[in-house]
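Q: Each chain, written out:
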Amino acid sequence: MRDPAESLVGLISSVRRSANHFLRSGALLILLSIAQSSTADENARPRYAIGHLASPDRVAKLDIAIGPQGDELPIGRGTVPQGRELYREHCAICHGEDGTQGPDPKLVGGHGSLATAKPIQTIGSYWPYATTLYDYINRAMPFYTPGSLLPDEVYALCAYLLNANGIIADDTVIDRTSLVAIRMPNRDGFIPDPRPEQPHE
Amino acid sequence: MTQVHRRRFLRRARDIAGAVVSAVLAPRAAAAIETTKYQGAPTREYGSRSRFETLKRWVMPTRYPSSSASWTPLGDLDGIITPSALHYERHHAGVPDLDPATHQLTIHGLVDRPLEFSMKDLRRFPAVHRICFLECSGNGSQEYRGPTSENVQQTHGLTSCADWGGVALKTVLNEAGIRSDASWVVAEGADGAAMTRSIPLAKCMDDVILAYAQNGEALRPEQGYPVRLLVPGFEGSISVKWLRRLKLTASAYYTREETSKYTDLMADGRARGFTFVMEAKSVITSPSAGQELSGPGYYEIRGLAWSGRGKISRVDVSVDGGESWRQATIHGPVLPICHTRFSLDWQWDGSTSTLLSRCVDDTGYTQPSRRQLVQQRGENSFYHYNAIQAWRVDSAGVVHNA
Numbered sequence: 001m002r003d004p005a006e007s008l009v010g011l012i013s014s015v016r017r018s019a020n021h022f023l024r025s026g027a028l029l030i031l032l033s034i035a036q037s038s039t040a041d042e043n044a045r046p047r048y049a050i051g052h053l054a055s056p057d058r059v060a061k062l063d064i065a066i067g068p069q070g071d072e073l074p075i076g077r078g079t080v081p082q083g084r085e086l087y088r089e090h091c092a093i094c095h096g097e098d099g100t101q102g103p104d105p106k107l108v109g110g111h112g113s114l115a116t117a118k119p120i121q122t123i124g125s126y127w128p129y130a131t132t133l134y135d136y137i138n139r140a141m142p143f144y145t146p147g148s149l150l151p152d153e154v155y156a157l158c159a160y161l162l163n164a165n166g167i168i169a170d171d172t173v174i175d176r177t178s179l180v181a182i183r184m185p186n187r188d189g190f191i192p193d194p195r196p197e198q199p200h201e
Numbered sequence: 001m002t003q004v005h006r007r008r009f010l011r012r013a014r015d016i017a018g019a020v021v022s023a024v025l026a027p028r029a030a031a032a033i034e035t036t037k038y039q040g041a042p043t044r045e046y047g048s049r050s051r052f053e054t055l056k057r058w059v060m061p062t063r064y065p066s067s068s069a070s071w072t073p074l075g076d077l078d079g080i081i082t083p084s085a086l087h088y089e090r091h092h093a094g095v096p097d098l099d100p101a102t103h104q105l106t107i108h109g110l111v112d113r114p115l116e117f118s119m120k121d122l123r124r125f126p127a128v129h130r131i132c133f134l135e136c137s138g139n140g141s142q143e144y145r146g147p148t149s150e151n152v153q154q155t156h157g158l159t160s161c162a163d164w165g166g167v168a169l170k171t172v173l174n175e176a177g178i179r180s181d182a183s184w185v186v187a188e189g190a191d192g193a194a195m196t197r198s199i200p201l202a203k204c205m206d207d208v209i210l211a212y213a214q215n216g217e218a219l220r221p222e223q224g225y226p227v228r229l230l231v232p233g234f235e236g237s238i239s240v241k242w243l244r245r246l247k248l249t250a251s252a253y254y255t256r257e258e259t260s261k262y263t264d265l266m267a268d269g270r271a272r273g274f275t276f277v278m279e280a281k282s283v284i285t286s287p288s289a290g291q292e293l294s295g296p297g298y299y300e301i302r303g304l305a306w307s308g309r310g311k312i313s314r315v316d317v318s319v320d321g322g323e324s325w326r327q328a329t330i331h332g333p334v335l336p337i338c339h340t341r342f343s344l345d346w347q348w349d350g351s352t353s354t355l356l357s358r359c360v361d362d363t364g365y366t367q368p369s370r371r372q373l374v375q376q377r378g379e380n381s382f383y384h385y386n387a388i389q390a391w392r393v394d395s396a397g398v399v400h401n402a
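Note that the protein sequences, when read in sequence, are chains A and B. For what it's worth, our numbering labels the leading residue of the first sequence as 1, then goes sequentially. For what it's worth, our numbering labels the leading residue of the second sequence as 1, then goes sequentially.
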């Protein structure tokens, strides 16, 4: 869609070039009032002109949030054995030897437990999208050195943790395509907010 | 210099010297001599409370002090405004040390013009202010399975209320030009967890504030300095602190903090997602657990009520465990999405009494009992616990969580 603000600027400058001072200011006023009444979507026009354009480079550097479509996933790949090694080195001390012991959140197990009196909510039993795993490890783990892992390492850790949860086979390679394609066991486990649920005595 | 002048001069010099000496000695002497007999402490550039005041947030002991929370001492505060130093906190990776001179907020994604703003830029926009509560959706979660906490600070202290100032988010989003395919905004903080949440665009275009001020001065570091989101009525974690980026997207991003956490597991194993609104809740702050009544007689029952959907329209109080209810007085200002004070006169006869409060907001929603909540959500639910709180006053006047 062409920005109405830009076409207005073009019109104004041509008016400026061709008309005398009196006509020009009159035409400007008319044009401005047309623009005001005809811009149904007032979002299209910056009103304050505060701030500056963010360069594509800067945006690319910041653009780390990974949605379910995986558009922002970087190039890279990782395997289950690579991930197992990285896990032992960087994660096991807090999440347990195989992800079930803790002391910090259990990362493995809990399948079939959600409707019981002792639900165990893990990546494997609870998380609806595998992309969240890449996103979170990349931004927040390891706890004391967040943001220190390379894309290949994050992919490998995803591979290891998904495999440990029985979601992918031992020889699956995880990259941006295969990660997005994974269907998590609890993918359909989330429902919209039904509140307010008024109490009935 | 004449004799008289010299004497006057010397006397004045002696007075000045005396003032300096007494100012220095004052703190030590304060207990011994009357404060009317010496000069008090000098004026100072940034104030602090009296040395006799010791009110504190309660910090939960965790394995990682940087991934923790602190609770507001609601039982000992007056009025509706939480002092900034006592506002509750929840951080996932500690408080970052951000320099406002270099901090930037980037807005990109489904916009016509990706833009970056310095703090100076943000302060040039028309300013908005709003007194508004902020509550963690985990507030009181430990009470789902029955009375657990020792006092009102622990049962309800993950709500606080402040005067927030900043710029309306819609003003800033409009500068970037919102594309018609955008319907969510993914917000990200500059902390060690790069805390991220998805917010419906419609809410952002309604009443969300890019807040840089709290109670009239710059945000406290633990409240998101130099700029945070303030999403009125929604669970606290979505008001992303230390805000560095807003990405407009077509769909929600299902971040860890809106899947693994901040979702509500029901008894049937399914979970509610994106349960944003903090529903109406009230609590008696005095008398409350941990406090002690000095004997039979008059007490003003005092409390707070608030709703993420609007204004508090009514509060009822029971002193007999719900057998009978009396309508409490609501004290203004009564603002939408804001702590609201209520009170009720009470003559305590010295017998065991159970105190309850129940509020109604202007949508007609009535605060539920614990039993009703458990009926609706089961016992695996954790967030959004807003049930009626009971305090039992025993015959000795000691108040317990019941």
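Don't take each hint at face value.
To be verified - Selected chain B positions facing chain A (in silico; Cβ < 8 angstroms):
no.: 1; residue: T54
no.: 2; residue: L55
no.: 3; residue: K56
no.: 4; residue: P114
no.: 5; residue: L115
no.: 6; residue: F117
no.: 7; residue: H129
no.: 8; residue: A190
no.: 9; residue: A193
no.: 10; residue: Y253
no.: 11; residue: R272
no.: 12; residue: S343
no.: 13; residue: W346
no.: 14; residue: G350
no.: 15; residue: D362
no.: 16; residue: Y365
Said to hold, decoys possible - Computed list of lysine to any residue pairs in SDA-like fashion (alpha-carbon distance at most 25 angstroms, straight line):
no.: 17; chain 1: B; residue 1: K261; chain 2: B; residue 2: N174
no.: 18; chain 1: A; residue 1: K61; chain 2: B; residue 2: V95
no.: 19; chain 1: B; residue 1: K56; chain 2: A; residue 2: T100
no.: 20; chain 1: B; residue 1: K56; chain 2: B; residue 2: Y38
no.: 21; chain 1: A; residue 1: K61; chain 2: B; residue 2: P336
no.: 22; chain 1: B; residue 1: K261; chain 2: A; residue 2: P46
no.: 23; chain 1: A; residue 1: K106; chain 2: B; residue 2: A69
no.: 24; chain 1: B; residue 1: K261; chain 2: A; residue 2: Q69
no.: 25; chain 1: B; residue 1: K120; chain 2: B; residue 2: E143
no.: 26; chain 1: B; residue 1: K261; chain 2: A; residue 2: R47
no.: 27; chain 1: A; residue 1: K106; chain 2: B; residue 2: G378
no.: 28; chain 1: B; residue 1: K311; chain 2: B; residue 2: Y298
no.: 29; chain 1: A; residue 1: K61; chain 2: B; residue 2: R113
no.: 30; chain 1: B; residue 1: K170; chain 2: A; residue 2: P46
no.: 31; chain 1: A; residue 1: K61; chain 2: B; residue 2: R371
no.: 32; chain 1: B; residue 1: K56; chain 2: B; residue 2: G216
no.: 33; chain 1: B; residue 1: K120; chain 2: A; residue 2: I50
no.: 34; chain 1: B; residue 1: K261; chain 2: A; residue 2: T145
no.: 35; chain 1: A; residue 1: K106; chain 2: B; residue 2: D121
no.: 36; chain 1: B; residue 1: K261; chain 2: A; residue 2: G112
no.: 37; chain 1: A; residue 1: K118; chain 2: B; residue 2: G216
no.: 38; chain 1: B; residue 1: K311; chain 2: A; residue 2: K106
no.: 39; chain 1: B; residue 1: K261; chain 2: A; residue 2: A181
no.: 40; chain 1: B; residue 1: K120; chain 2: A; residue 2: R47
None of these hints come from the bench; they were simulated from the model. For each residue, glycine too, the CB sits at the ideal point set by N, CA and C.
Q: Each hint: holds or not?
A: Hint check:
no.: 1; hint: T54; in the structure: 33 angstroms, violated
no.: 2; hint: L55; in the structure: 32 angstroms, violated
no.: 3; hint: K56; in the structure: 27 angstroms, violated
no.: 4; hint: P114; in the structure: 4 angstroms, holds
no.: 5; hint: L115; in the structure: 4 angstroms, holds
no.: 6; hint: F117; in the structure: 4 angstroms, holds
no.: 7; hint: H129; in the structure: 19 angstroms, violated
no.: 8; hint: A190; in the structure: 10 angstroms, violated
no.: 9; hint: A193; in the structure: 5 angstroms, holds
no.: 10; hint: Y253; in the structure: 4 angstroms, holds
no.: 11; hint: R272; in the structure: 5 angstroms, holds
no.: 12; hint: S343; in the structure: 25 angstroms, violated
no.: 13; hint: W346; in the structure: 26 angstroms, violated
no.: 14; hint: G350; in the structure: 32 angstroms, violated
no.: 15; hint: D362; in the structure: 13 angstroms, violated
no.: 16; hint: Y365; in the structure: 5 angstroms, holds
no.: 17; hint: B:K261 to B:N174; in the structure: 31 angstroms, violated
no.: 18; hint: A:K61 to B:V95; in the structure: 23 angstroms, holds
no.: 19; hint: B:K56 to A:T100; in the structure: 37 angstroms, violated
no.: 20; hint: B:K56 to B:Y38; in the structure: 31 angstroms, violated
no.: 21; hint: A:K61 to B:P336; in the structure: 40 angstroms, violated
no.: 22; hint: B:K261 to A:P46; in the structure: 37 angstroms, violated
no.: 23; hint: A:K106 to B:A69; in the structure: 21 angstroms, holds
no.: 24; hint: B:K261 to A:Q69; in the structure: 21 angstroms, holds
no.: 25; hint: B:K120 to B:E143; in the structure: 44 angstroms, violated
no.: 26; hint: B:K261 to A:R47; in the structure: 38 angstroms, violated
no.: 27; hint: A:K106 to B:G378; in the structure: 23 angstroms, holds
no.: 28; hint: B:K311 to B:Y298; in the structure: 30 angstroms, violated
no.: 29; hint: A:K61 to B:R113; in the structure: 17 angstroms, holds
no.: 30; hint: B:K170 to A:P46; in the structure: 12 angstroms, holds
no.: 31; hint: A:K61 to B:R371; in the structure: 50 angstroms, violated
no.: 32; hint: B:K56 to B:G216; in the structure: 21 angstroms, holds
no.: 33; hint: B:K120 to A:I50; in the structure: 10 angstroms, holds
no.: 34; hint: B:K261 to A:T145; in the structure: 22 angstroms, holds
no.: 35; hint: A:K106 to B:D121; in the structure: 44 angstroms, violated
no.: 36; hint: B:K261 to A:G112; in the structure: 19 angstroms, holds
no.: 37; hint: A:K118 to B:G216; in the structure: 46 angstroms, violated
no.: 38; hint: B:K311 to A:K106; in the structure: 41 angstroms, violated
no.: 39; hint: B:K261 to A:A181; in the structure: 23 angstroms, holds
no.: 40; hint: B:K120 to A:R47; in the structure: 17 angstroms, holds
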